[in-house]
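Protein chains: 2
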Amino acid sequence: MSGRSAQRTVATAAFRASFAAIVLLVAWASVARDAVAAPATPSGRVLARVREHRLSHQGTILAEFADLLRIPNVASDSVNIRLNADRLVTMLERRGMSARRLELPGSPPAVHGELRAPGARRTVMLYAHYDGQPVAPKDWASDPWTPVLRDRPVEQGGREIPWPGDRQAIDPEARLYARSAGDDKAPIVALLAALDALAAQGAKRSVHLKVFLEGEEEAGSPHLKSMLAAHRDQLAADAWIFCDGPMHPSRQPQLVFGVRGVMGLELTVYGPARALHSGHYGNWAPNPIARMTDLLASLRDGDGHIRVEGFERDVRPASEAERAAFRATPDPDAALRDELRLGGTEGGGARLSERILLPAINFRGVRAGGVGEGAANAIPTEARASIDIRMVPDQTPAGVRAAFEDHLRRQGWHIVDAAPDSATRRGHDRIVRLEWDEGYGPYRAPLDAPFSRALAKVMEESLGRPVLLTPTLGGSLPLAHLNDVLGVPILVLPIANHDDNQHAANENLRLQNLWDGIDVMAGLVVRLGDLWR
Amino acid sequence: MSGRSAQRTVATAAFRASFAAIVLLVAWASVARDAVAAPATPSGRVLARVREHRLSHQGTILAEFADLLRIPNVASDSVNIRLNADRLVTMLERRGMSARRLELPGSPPAVHGELRAPGARRTVMLYAHYDGQPVAPKDWASDPWTPVLRDRPVEQGGREIPWPGDRQAIDPEARLYARSAGDDKAPIVALLAALDALAAQGAKRSVHLKVFLEGEEEAGSPHLKSMLAAHRDQLAADAWIFCDGPMHPSRQPQLVFGVRGVMGLELTVYGPARALHSGHYGNWAPNPIARMTDLLASLRDGDGHIRVEGFERDVRPASEAERAAFRATPDPDAALRDELRLGGTEGGGARLSERILLPAINFRGVRAGGVGEGAANAIPTEARASIDIRMVPDQTPAGVRAAFEDHLRRQGWHIVDAAPDSATRRGHDRIVRLEWDEGYGPYRAPLDAPFSRALAKVMEESLGRPVLLTPTLGGSLPLAHLNDVLGVPILVLPIANHDDNQHAANENLRLQNLWDGIDVMAGLVVRLGDLWR
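Chains as they are written, first to last, in the working numbering: chain W, 61 to 593; chain C, 61 to 593.
Pulled out of the complex, with its shape left as it was, chain W reads as follows (with noise of 0.2 Å):
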């Protein structure tokens, strides 16, 4: 996932913690998991041949993946970015792909390859990103481009173990500490483990297959839609497979049809020109907090309700098949509250995953004045508040923005986009300047349609494991833009593990992780083009 910014980091953070304990949960109410895929049917029997090829080659595919992690991979070092994709384009020729870098002034290489799949009806685009967050060695139990195994966890005392040969068996609970280990090279090089595997048995491919890998994800994606519509052709696809994110903490395979959008919103209320002493001039002079607090409170309560008028005029409804998805996932609503310590919740007492169908206005921060050893006894010259905003299919930004200011204009708010100037304060009762970030929209695909059932039962098949289907995450991913540009559905497919230490220091793949995801990946292969009607 994207890391724009040290925020982002933090929030990723809270984020994964948190999922941590919903995820648990679902554990402990584990789900049977039966074998779906018997080697006795054909694509069963394929899978199986998949499974031992890996074992007896895990020395080769762990030292393709350590020489790729080896090249130090920051979107800004253009010179190393650059060796990254050259080596990818030369991993991917090896695999008999057609590839190439994608090129557009002042980016990053993207690199696109292609494999066509005789007699296939469909084409499939498998999106990852070679590229790394920054990295501050000193943080590290080893150097972060110098790839090591160790047995378990660094955080649990794990120690470092040798590189494995072929054939010589390596416990699945060992970890590959690199940068970009888990976020976001492992799917590249699960999927080239597994064409391997396909190959070394002839094995017929069902989908034409296309890879998209972005050397600037980490950086925010700045070109990502002009290199979509710059190369346009090259990357038309039936569908998007965005192979990023880490997995669900249970470890129970997860597919992910949708996000909600976000756009912030810096917030400033002016009072005095310059600070005043309470008692000389409170009640008199206007107190930016004051004012600032009717504003947010005509936003939504502390409940959750959002009171702006037009605000949620184009939310679509939730399909009964997404709430029947949320409904099948066991509720962690009870235990979160507990471990939160929580002694109520917004939307009075709806579920968690009902909630995340709907938009939110999220107050994240406000500052004015001073409190505690700072406060004094003054009226200050302005209050701020920073706001983010959630939307869900069909909210837009543009909607929401001028929903938004709409109802703040209705409220007596004069809207200014910079510090106002003398003669503007003077000539307006109420000033508020608002700061909005471009933000993104939410995207959802349906659970229903083809593609999607396909992708679940391929992962069911070789994984041998039923999958959780979650219509969105509450958090947001900038699918909508590909979505735009693309016009296909798109389904977020997680591989690393959710304790891989992305963004930060000591980043790791769990080698079962890297083992699901080849066997993920070969089903692709050999299977979703039958599947996909």
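If you are wondering where the hints come from, they were derived from the structure by calculation, not from laboratory data. Accuracy of the hints is not assured; some may be wrong.
[What the hints assert, rightly or not] Covered by chain W, per the in silico footprint, the following chain C stretches (three or more residues, Cβ under 8 Å):
(1) 337-344
(2) 480-487
(3) 531-542
[As the list claims (entries may be wrong)] One-sided and incomplete, this derived list gives chain C residues near chain W with beta-carbon spacing under 7 Å:
(4) Arg-320
(5) Ala-333
(6) Ile-349
(7) Thr-353
(8) Leu-400
(9) Gly-404
(10) Glu-406
(11) Arg-415
(12) Val-426
(13) Arg-427
(14) Ala-428
All of these numbers come straight from a predicted model, not from anything done at the bench. Note that the Cβ used here is the ideal one computed from N, Cα and C, for glycine as well.
Following the hints, put chain C in place on chain W, whose structure we already have.
This is chain C only, laid out in the frame that chain W set:
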């Protein structure tokens, strides 16, 4: 005025700066400065001779003042503070007063003096404090405890000038620089110089005179109440005059009859036990900022209307005399709105002077999560607000606090006075922690009481100018504490120039303020008893 903390200093500076604006206006609209006292009356002749005596003793007066200022006077410097007290006892005794230190364990001594007036019926107590704010010598243009004269304010390039001899003319705009030159040794020196001038001509005193010189005012007067209680008999008087604080920036003589009370409150509202990803949990996990917004909006609105039931129950309506006094003061509001860039004010256009006759709830700070660069897409764990409440007669801190807490309970809040434990958080949906400071109540002396009228008349006669009668400051002084113990009227009579840098570096006294102070003190001694009927 007290400088209990840095906050107070900041607020005082803001107050001074703002007050300057009000008063420049007052000065513009200036009332004709008729000479009220003509030398033709007996008292007029006495005061003329006082001025003459002062002119011929300027060097002596300044030398004695400088000697007093040379003794460092921070309340916590117990050795030097005692040297100050001893010096003051000597200085009082030199004027024929009976004088002594008032002691209380752990406290700097106060100094008490008394000078009986044969045949007088009334006793008046003059309050001043001899301790000063701590200093940061590096910020001063010259050593804080090495007094110097400058021809004008140091901020305007004032240069040091020699100490004058007696009968040597000196510009009354010159300034005496030293810690406590203005705050608050000036009234002491003014009184003693007045007594010398009256003694030289054998003038008859009209009133029994007492002084109470506090030694820890700038440390927050922690022993004042017990000091008053312990020495009740010596401190008995028919009225107190509180000689402290800077004068009105118009330089128009001013008599202040009251202050608003003040009480501070720190308020914390709780959310989840740890910060949560706002996407994954937004509008399910309670947002503490939104809940605090509900709470704050229930207290008052952006127009200053107080919504707390019972909060204003004990407010005594302002008297017609009080309203008339404010009406007699030129209205600074329009100019203030310009200067402060206000597009409107709280209270629906009511005058500032009307508004400070009412109680106020001021939001002095809010803090939660992050804004701007510090914003994270997270739900914070808590939100804090800092509030100061200004009270008017007959509100009390206890009464206001009770109304406030009842209101919150009616709104469904569970009130705690310390950080809630896990069980409390789990057990209550809306929890607010309230941390009250002790605060003190309001005080207002009647404008038309005999003592009030007499003191105003003394000032007019002494200075030959009309006096601003200010029913109340919007700000606060602990006069209610004094009144609780003493049960007699207390008026505030400022002597120091408004731009004396009190509490800051380069504290100074404008010499004309000292000369005027001597005139007022002399008038008080010879005329107050006669006018006070």
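Evaluated hints:
no.	hint	verdict
1	337-344	holds (count 8)
2	480-487	holds (count 4)
3	531-542	holds (count 4)
4	Arg-320	holds, 6 Å
5	Ala-333	holds, 4 Å
6	Ile-349	holds, 4 Å
7	Thr-353	holds, 4 Å
8	Leu-400	holds, 4 Å
9	Gly-404	holds, 3 Å
10	Glu-406	holds, 5 Å
11	Arg-415	holds, 4 Å
12	Val-426	holds, 5 Å
13	Arg-427	holds, 5 Å
14	Ala-428	holds, 5 Å
No hint from the list above goes unmet by this structure.
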